Amino acid sequence: MTDAPPLEIHDLTVAYHKKPVLWGIDLVVPRGKLVGIVGPNGAGKSSLIKAAMGLLPLSSGWVKVFGEPVAKNFRRVGYVPQRESVDWDFPVSVMDVVLMGRYGRLGLLRRPGKADRDIARECLEKVKMLPYASRQISNLSGGQQQRVFLARALAQESDLYFMDEPFAGVDAATETAIIALLHELKDKGKTLMVVHHDLPTARNYFDMLLLLNMRVVAFGPTEQVFNYETLQQTYGGRLTILSEVAEAVRAKG
Amino acid sequence: MNHSATISVRTNRTAVRRLSPLSSLLSPLPSPLLPLSSTFSPLSRPLYLLSSLFYLLLGAPSAHAARIGDISETKLWEQALRFFTFQDPAVRYALAGSMLLGVTCGLLGSFIVVRKMALVGDALSHAVLPGVALGFLWNMSKDPVAIFIGATVAGLLGTAVVSLIKQTTRLKEDTALGLVLASFFAVGICLVTMIQRLPTGNKSGIDKFLFGQAAAISEGDVRLMAVVTVLAIATIVLGYKEFLVTSFDAVFARAVGFPVQVIHYTLMLLLAFAVVIALQAVGVVLVSAMLITPAAAAYLLTDRMSRMLWLAALFGMVAGAVGAFLSFLGNNLPTGPFMVLGATAVFGLAFLFGPRHGVVAKWWRQRSVTQRTQRENTLKAVYHVLEGREFKGEGVSLRELAERRRETVEEAAREADSLRHHAQATLAEDGNLIVLTPDGWQRACAIVRNHRLWELYLTHEAQIAADHVHEDAEKIEHVLGEETVRELERRLKYATRDPHGRAIPGLADLRRGAGTEHRDPVVGYGRGS
Ligand SMILES: Nc1ncnc2c1ncn2[C@@H]1O[C@H](COP(=O)(O)OP(=O)(O)OP(=O)(O)O)[C@@H](O)[C@H]1O
Ligand SMILES: [Mg+2]
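Taken in order, these protein sequences are the chains called A and B.
With my numbering applied, the first sequence corresponds to residues 3 to 255, in that order.
With my numbering applied, the second sequence corresponds to residues 266 to 794, in that order.
Derived from the structure by calculation, the hints contain no laboratory data.
In this text, all values refer to a predicted model and were calculated from it rather than measured experimentally.
Careful: at least some of the hints might be erroneous.
[To be verified] Here are some of the chain B residues that sit facing chain A, going by a computed Cβ distance under 10 Å:
#, residue
1, K506
2, V510
3, S512
4, G522
5, R572
[Stated by the list, open to error] Here are the computed lysine to aspartate or glutamate pairs in the DMTMM-like style, where the Cα-Cα straight-line distance is at most 20 Å:
#, chain 1, residue 1, chain 2, residue 2
6, B, K627, B, D568
7, B, K381, A, D189
8, B, K758, B, E726
9, B, K657, B, E694
10, A, K128, A, D91
11, A, K188, A, E177
12, A, K130, B, E748
13, A, K66, A, E127
14, B, K381, A, E86
15, B, K381, A, E10
16, A, K130, A, E177
17, A, K188, A, E127
18, B, K627, A, E70
19, A, K128, A, D89
Think of the CB as a built atom: it goes at the ideal place given N, C-alpha and C, for glycine as much as any other residue.
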């Protein structure tokens with residue numbers, strides 16, 4: 003049981019309206035790793051995450067989380083969606099949102115209690131958002147909203163985390179703080195899969211990289227995977243990105 | 266109980282109303298007045314309209330006594346008292362039913378509003394009409410249960426058709442909703458017209474379902490409404506967290522293992538129930554407004570879901586009661602429009618006077634910011650005058666201020682008065698000399714400091730030419746917070762001179778009132794001390 007990898011994906015195909023967006027994905031993610039998922043827009047990064055969590059119908063293949071279908075193990079999976087996926091004018095406070103992280107453990111029809119509130123408060127403290135606990139979520143900056151989502155995921159107390167672009171719209175200082183938090187989680191034996199858009203920093207942030215463009219272009223330890231050939235395969239002939247890549251490779255020395 | 270009274274009142278009413286629903290739509294004016302209108306010249310028509318509106322709402326006193334049970338009081342407040350204390354058996358069910366439906370519609374409407382499903386509510390409420398007609402045809406009477414079942418089934422069928430169109434075609438949801446709304450409603454109108462042509466049809470009261478008639482609510486209706494209301498409240502209390510998370514972030518809710526589809530359909534079912542119990546009093550045409558309007562008003566007033574639910578239920582209840590009352594006062598007019606107008610009035614109040622997002626509050630905040638900015642500019646000018654004579658002498662005369670600000674002495678006097686009003690200055694020598702209080706002095710220093718610091722920052726750090734920075738600083742000086750100021754000072758290494766070579770007042774000047782040794786302490790504390 004403890005030996006089962008946090009995430010195992012076999013021959014996964016995902017399609018929207020019969021048009022495949024992910025193709026024959028095979029993946030075994032080892033425990034205690036910080037994995038970056040990189041690829042161009044529309045590469046299927048968000049779709050991969052959603053499929054792995056059982057939120058999309060699979061055309062073929064299977065997904066196992068800690069050796070079980072994800073439906074049985076959803077309590078061990080935490081999720082940070084893309085920030086644009088919700089309406090930030092919704093009438094809830096920061097605290098309400100973070101408490102939602104506890105809902106999975108509470109199950110249906112049970113209300114969050116004092117213990118849940120304490121945990122939610124701790125999680126807010128970890129992302130330095132405790133002073134904002136009673137604010138309505140629309141009165142926050144983009145970076146603060148992102149941190150609220152992160153706190154909600156922390157409140158899930160999961161072992162495997164999926165994070166969809168947690169650094170989007172976040173300033174440099176917050177990004178550093180978040181990455182430190184992610185490393186802290188990793189050191190506690192959690193596994194984190196993080197969609198990231200910035201190639202130069204991706205090299206420094208992650209233990210492992212998953213280069214994705216409809217299929218797995220490469221997956222492995224960052225220093226093995228991060229090279230000109232694989233990146234070119236991932237991003238194709240897109241000029242701006244290629245120059246960015248060239249810069250990143252040059253920086254590597 | 267007083268069944269006989271209720272019945273007699275009701276038959277009275279049906280006798281009064283012989284208009285078919287559609288002709289009453291075309292002529293909303295009281296029928297006795299209608300023929301007159303053609304004899305009036307176009308000029309006096311607005312006047313006529315106005316007077317007949319008054320007639321509708323407050324007038325027609327002679328008919329009152331007969332209408333509201335056996336009421337003999339004719340004063341408005343006496344009628345209101347009697348109406349709202351449930352004393353009168355004839356109106357008891359109407360009032361109770363209207364309030365119950367208001368609560369249920371308000372609660373479910375809140376979820377509709379935050380889920381951006383207002384159109385769904387509209388489509389659903391129109392789609393129930395064929396069900397109402399079929400429920401009536403079931404045993405040719407206004408049996409609440411048969412109509413309830415028929416309407417609910419039709420409503421759910423309507424939403425199912427919407428989903429089907431969405432899934433199997435490229436059409437988007439709004440189009441699908443529009444399609445279903447119109448077609449179901451058309452079928453419903455056909456059926457209703459058919460029923461009215463039947464020998465027993467025109468006494469059936471089926472036409473009340475179009476625009477609503479609270480008076481037609483029976484004891485059985487009220488029971489059903491109470492059951493539905495209790496059900497709705499219980500479901501929302503029990504499943505509050507489920508409804509909340511699926512409304513806010515459905516994908517996340519599924520990720521934590523919630524049966525999002527089941528929760529969604531529960532909500533839709535309750536919504537259908539709410540619409541159906543409201544039909545009798547509000548009518549098919551307007552029932553979606555009772556879902557949306559109270560909830561929208563509540564949404565403007567709070568930013569917590571739980572409080573929004575409370576408020577929406579309250580507003581719905583008030584709108585229901587007011588609508589029923591006005592309908593009774595007037596010539597037994599359809600209740601639906603009055604309820605909706607009541608709800609709209611609440612919305613209007615929330616829109617105008619909401620403490621945070623209301624128009625008036627926004628205007629007021631804007632105004633006080635403008636006034637504060639003006640005062641601060643006066644303070645700054647006083648500081649400049651004092652600085653010009655190296656802080657010697659007591660206070661600043663109105664003439665000096667006027668010269669400095671390039672304005673008339675009268676204007677300067679008004680500004681000085683505003684400072685005095687806010688305890689930032691005292692006036693001496695018959696109001697001709699402005700002497701800053703410690704408060705005013707501090708604020709003046711702070712504003713000048715902000716201005717000069719910002720200029721310095723722009724020239725140093727942002728490399729903007731010294732003659733380009735003044736305008737920007739004029740705005741920024743009023744909004745810089747203490748924290749930002751500390752940060753600026755640190756970055757500028759506690760510089761004491763601005764780009765134009767003038768001294769930047771420091772923290773010490775603020776604290777001590779009159780600042781460094783060569784500055785005259787009298788300036789700060791004036792004659793008052
Ligand atoms: N709900 C949907 N219906 C139809 N097609 C979709 C849907 N969601 C995504 N797609 C398509 O699937 C492909 C992959 O989308 P996905 O959102 O997974 O990409 P991504 O890598 O996350 O992109 P981004 O970097 O822009 O977030 C895209 O071509 C997109 O158009
Ligand atoms: Mg994405």
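Hint-by-hint comparison with the structure:
1. Taking 10 Å as the C-beta contact cut-off toward chain A, the hint placing K506 of chain B at the interface holds, the least distance being around 6 Å.
2. At its closest, the beta carbon of V510 of chain B sits 5 Å from a beta carbon of chain A; the interface hint therefore holds under the 10 Å criterion.
3. With 10 Å as the threshold, the beta carbon of S512 of chain B comes within range of chain A, its nearest partner Cβ sitting at about 7 Å, so the hint holds.
4. Interface hint at G522 of chain B: satisfied, since its Cβ lies 4 Å from the closest Cβ of chain A, which is below the 10 Å cut-off.
5. With its C-beta approaching chain A no nearer than about 8 Å, R572 of chain B sits inside the 10 Å limit, and its interface hint holds.
6. Proposed proximity of K627 of chain B and D568 of chain B is supported: the alpha carbons are some 17 Å apart, at most 20 Å.
7. Of the supplied pair hints, the one linking K381 of chain B and D189 of chain A is violated, its CA atoms being roughly 42 Å apart against a limit of 20 Å.
8. The straight-line distance between the Cα atoms of K758 of chain B and E726 of chain B is roughly 12 Å, inside the 20 Å bound, and the hint therefore holds.
9. Our distance criterion of 20 Å between C-alpha atoms is met by K657 of chain B and E694 of chain B, whose separation comes to about 18 Å.
10. For the proposed pair K128 of chain A and D91 of chain A, the alpha carbon gap of about 24 Å is over 20 Å, so the pair is violated.
11. For the given pair, K188 of chain A sits about 16 Å from E177 of chain A by alpha-carbon distance, which is consistent with the 20 Å threshold.
12. For the proposed pair K130 of chain A and E748 of chain B, the alpha carbon gap of about 18 Å is at most 20 Å, so the pair holds.
13. Distance check on the hinted pair: K66 of chain A and E127 of chain A sit about 33 Å apart at the alpha-carbon level, beyond 20 Å; violated.
14. Only pairs whose Cα atoms come within 20 Å are accepted, and K381 of chain B paired with E86 of chain A is accepted, the gap being roughly 16 Å.
15. In summary, the hint linking K381 of chain B to E10 of chain A is not supported, as the alpha carbons are separated by about 38 Å, beyond the 20 Å threshold.
16. Between K130 of chain A and E177 of chain A the CA atoms are separated by roughly 13 Å; this keeps the pair inside 20 Å, and the hint holds.
17. Note on K188 of chain A and E127 of chain A: the hinted pairing holds, with a Cα-Cα distance of about 19 Å set against a maximum of 20 Å.
18. Pair hint K627 of chain B plus E70 of chain A does not hold up; C-alpha atoms about 55 Å apart against a cutoff of 20 Å.
19. Using a Cα cut-off of 20 Å, the hinted pair K128 of chain A and D89 of chain A is violated, with the two alpha carbons roughly 24 Å apart.
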